[in-house]
Amino acid sequence: MDALDQLVAQVQALSGSEQDVAHLSSLLKQADELLRTHALRLPFSLSSLHPTKHSLGYLYLLEAQSSGTLTREQSDSFLALASSFLTVCAPEQIRLAPDKFNSVCRRLRDQAMHLHEPMRAILPLQCAIRKLQPSSEYLTAIHADYLQMCLLSKCYKASLSILEDDIFEIDQKKTSLVPRDFLLYCYYGGMIYIGLKKFSKALEFFQHAITAPTTALNAITIAAFGKYVLVSLIQNGQVPPFPKYTPAVVLRNLKSCVQDYLDLANLYASRNIAEVKRCITQHEEVFKNDNNLGLAKQVIASLYKRNIQRLTQTYLTLSLQDIANTVQLDDEKDAELHILQMIKDGDIFAAINQKDGMVSFQEDPEQYNTCDMTQRLNNEIHHIVCLAKKLTWVDEQVSCDHAYLSKIGRDRPRYDEDFDLVPQKIYTNI
Amino acid sequence: MDGSENHGRGPTGATPEQIDVESYASLYSGHTKIARLHFIADHSNSRNLELEALRMALDEIRKGENTVLFKECVEKINGRLGPGYGLDQEWIDTVERRAAQRQEKLEMELNGYRTNLIKESIRMGYNDLGDFHYARGDLQQAFKCYVRTRDYCTTSKHIIAMCLNVILVSIELGHFVHVSNYVSKADQTPDVQDPVVLAKLKCAAGLAHLESKKYKLAARKFVDTNFELGSNYSDVIAPQDVATYGGLCALASFDRAELKSKVIDNINFRNFLELVPEVRELIHDFYASRYASCLGYLQKLKPNLLLDIHLYDHVETLYEQIRHKALIQYTNPFISVDLNTMASAFKTSVTGLEKELAALITENQIQARIDSHNKILYARHADQRNTTFQRVLQTGSDFQRETRAMLLRANLMRQDFVMKGNRKQP
Chain A
76 MDALDQLVAQ
86 VQALSGSEQD
96 VAHLSSLLKQ
106 ADELLRTHAL
116 RLPFSLSSLH
126 PTKHSLGYLY
136 LLEAQSSGTL
146 TREQSDSFLA
156 LASSFLTVCA
166 PEQIRLAPDK
176 FNSVCRRLRD
186 QAMHLHEPMR
196 AILPLQCAIR
206 KLQPSSEYLT
216 AIHADYLQMC
226 LLSKCYKASL
236 SILEDDIFEI
246 DQKKTSLVPR
256 DFLLYCYYGG
266 MIYIGLKKFS
276 KALEFFQHAI
286 TAPTTALNAI
296 TIAAFGKYVL
306 VSLIQNGQVP
316 PFPKYTPAVV
326 LRNLKSCVQD
336 YLDLANLYAS
346 RNIAEVKRCI
356 TQHEEVFKND
366 NNLGLAKQVI
376 ASLYKRNIQR
386 LTQTYLTLSL
396 QDIANTVQLD
406 DEKDAELHIL
416 QMIKDGDIFA
426 AINQKDGMVS
436 FQEDPEQYNT
446 CDMTQRLNNE
456 IHHIVCLAKK
466 LTWVDEQVSC
476 DHAYLSKIGR
486 DRPRYDEDFD
496 LVPQKIYTNI
Chain B
89 MDGSENHGRG
99 PTGATPEQID
109 VESYASLYSG
119 HTKIARLHFI
129 ADHSNSRNLE
139 LEALRMALDE
149 IRKGENTVLF
159 KECVEKINGR
169 LGPGYGLDQE
179 WIDTVERRAA
189 QRQEKLEMEL
199 NGYRTNLIKE
209 SIRMGYNDLG
219 DFHYARGDLQ
229 QAFKCYVRTR
239 DYCTTSKHII
249 AMCLNVILVS
259 IELGHFVHVS
269 NYVSKADQTP
279 DVQDPVVLAK
289 LKCAAGLAHL
299 ESKKYKLAAR
309 KFVDTNFELG
319 SNYSDVIAPQ
329 DVATYGGLCA
339 LASFDRAELK
349 SKVIDNINFR
359 NFLELVPEVR
369 ELIHDFYASR
379 YASCLGYLQK
389 LKPNLLLDIH
399 LYDHVETLYE
409 QIRHKALIQY
419 TNPFISVDLN
429 TMASAFKTSV
439 TGLEKELAAL
449 ITENQIQARI
459 DSHNKILYAR
469 HADQRNTTFQ
479 RVLQTGSDFQ
489 RETRAMLLRA
499 NLMRQDFVMK
509 GNRKQP
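Chains as they are written, first to last, in this note's numbering: chain A, 76 to 505; chain B, 89 to 514.
Extracted from the complex, chain A is given alone in its bound form (with noise of 0.2 Å):
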């Protein structure tokens, strides 16, 4: 019985019980060379261990046999082994080497690129992250990846079972995340809500992209910004300013970098299409190169829209022709599509007579008086009571932390008497 097969012996004697687990995680840990001069044999090794039963071992055992080239047999096998292996895994097991976890994962996502099926890789990613995640509010190193593979698949729905749990705990311990994972998860996240056109969300997830802390300006974060001033000037017409607490360092060097995207907003503003038109086409190289020439195609559309829109404010009637002339468009004709689109789509309320070319603005005929609008109230104000309480939870946390009152503590005076602001039990918490 040579190394290996002791080692086996042991996962498979060591996976039971809290202590043993634990145990066999040192053992593992120190077992790294052995695993990777017998990567050969693993697979015969793998065959004997259960996925679920002795999820720590066949997660070191399938990181080591991973680890050197693959050819597309291997490649394929490697597919079907770690999904399964994703999907089955015992998640108690597994947290205990979060870093080995995500070295598999990401094995599996370069796997599916490399053989051009990003598809076969979203389910299993999906099971990991749930896995990994001691609750859904925790970011992983997965999320990145598993959003890159639903962008790369187009698969944008299905990215949203994930998506749309809001994240709030960072955790590098139990998740072995670094701050290149979460930026990315901004990144990828913002551009599956563009594919949905969720506009809103976008902007949020390019916004955290922006303002992460960070002490050098990066890739990630420039082109975040690209496609945040697009995506805001489809949405609002306009860029709003940074806000405060972003990293001196993107206030600073952010804006030479991105001054193609800059002009175009500021042209937009004037409302101009022909303009806008005009500086798209000058930068087209730029806006191809990144990538968004069809976002820069829709800031486009959404400025005759805005332009329309503006209309609506102002008449209560007005010709299909006078429409066309002060919003640059054609012909009467091409008006008429974009109100009918505009319609349909809810973005104004109108009428359009056919027999004298003339269209009637109508105004919003939201009464704020129905069941769905009330139910909608109450999710929202569910929602921002939730929030709420976590916020006090969160201000709970943050007055009772060590660090946060020995700093408050050397500017203000302890509270010897003031039982009214503090409560004792925190100091005799501590």
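You can trust all of the hints, since none of them are fake.
Calculated lysine to aspartate or glutamate pairs in the DMTMM-like style (CA-CA distance at most 20 Å, straight line):
hint : chain 1 : residue 1 : chain 2 : residue 2
1    : A       : Lys276    : A       : Asp422
2    : B       : Lys463    : A       : Asp397
3    : A       : Lys430    : B       : Asp459
4    : B       : Lys508    : A       : Asp246
Note that these hints are calculated values from the structure, not bench results.
Using the hints, position chain B against chain A.
Using the frame of chain A, we list chain B on its own:
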């Protein structure tokens, strides 16, 4: 030196709606007269007017000792006014010789005073030197001399005199920041009761505000100017100007109540308005909503105002604002307005009016919507309930978004989750 009477072939009678240069010039004295005449010459498009203005300017210059300006003016005339208005080298030489002597004398005197440290004399010395430079047209030097007297002022009278001198030079230099500075300095000086001085300061402040496009503040200053100003400040401004500047700025910037209380019911300002009946009429027309006649008066005044040294730059803006106010005021009391009627009241076409109204509605200055088909303007009343609902939903989602971002950020910071530059990593 009696040029104005010898050359009686003035164009005053030829173009009746044009400005009467002679009577206009008679309102002013000193430098501003020359400057204003020059301005008219530069900006008028009629040759007669230009020559007339230049002729009077040259006559005025000959009374002083500004040889630089004399040469400039002669150059502009370019022999078009006959031999009487050529380059009089003899005059120039005499004046320059005299000036050089006088400067030497003044500087010597000043040096003497300064060695003796007699405060009052030093002040007088600087003042005289300032006067001298001012007369010679060296405004920068004059400004410096006047400012220097400041350290030697002992009474509030001196301070006021110093301030007025500085203001005078600064206005001519076009440095209106100094003007407002020194007006406030003078205002802070205790025991100034002389109504003429106060009126002068008000005018200067008004001009400074006008130049910085703060029309409302300018209007306030002008309408508060005491009528005792009379022609005492003719080296800067004529009482007629106070009426015009004040009236137009007030129309452009005051609301209806303010217009009534501060302009129309202002007995003091009424005196000024009496001097310029057109402005008085147009203000009353505006208040009485006779817009056609009001705009008519404005159109008639426009060519002359464009020749005004202080106002020309602001005429377009002021006119635009007055017109907008008129439009807003017209639509205000109605639920619906027939655009045809309104267009005739404003003497404009319906399409033009529609454009103007659309612009005002977009700027949210008029709450109304245009029925372009039937050419009717309907007032619009915002539905409070709906807007409240909209705002509630908006605020709710904003709050959620911001709070989520904040919580996430707090966790990022707590984990010290900072993207670091590659170079620093091994």
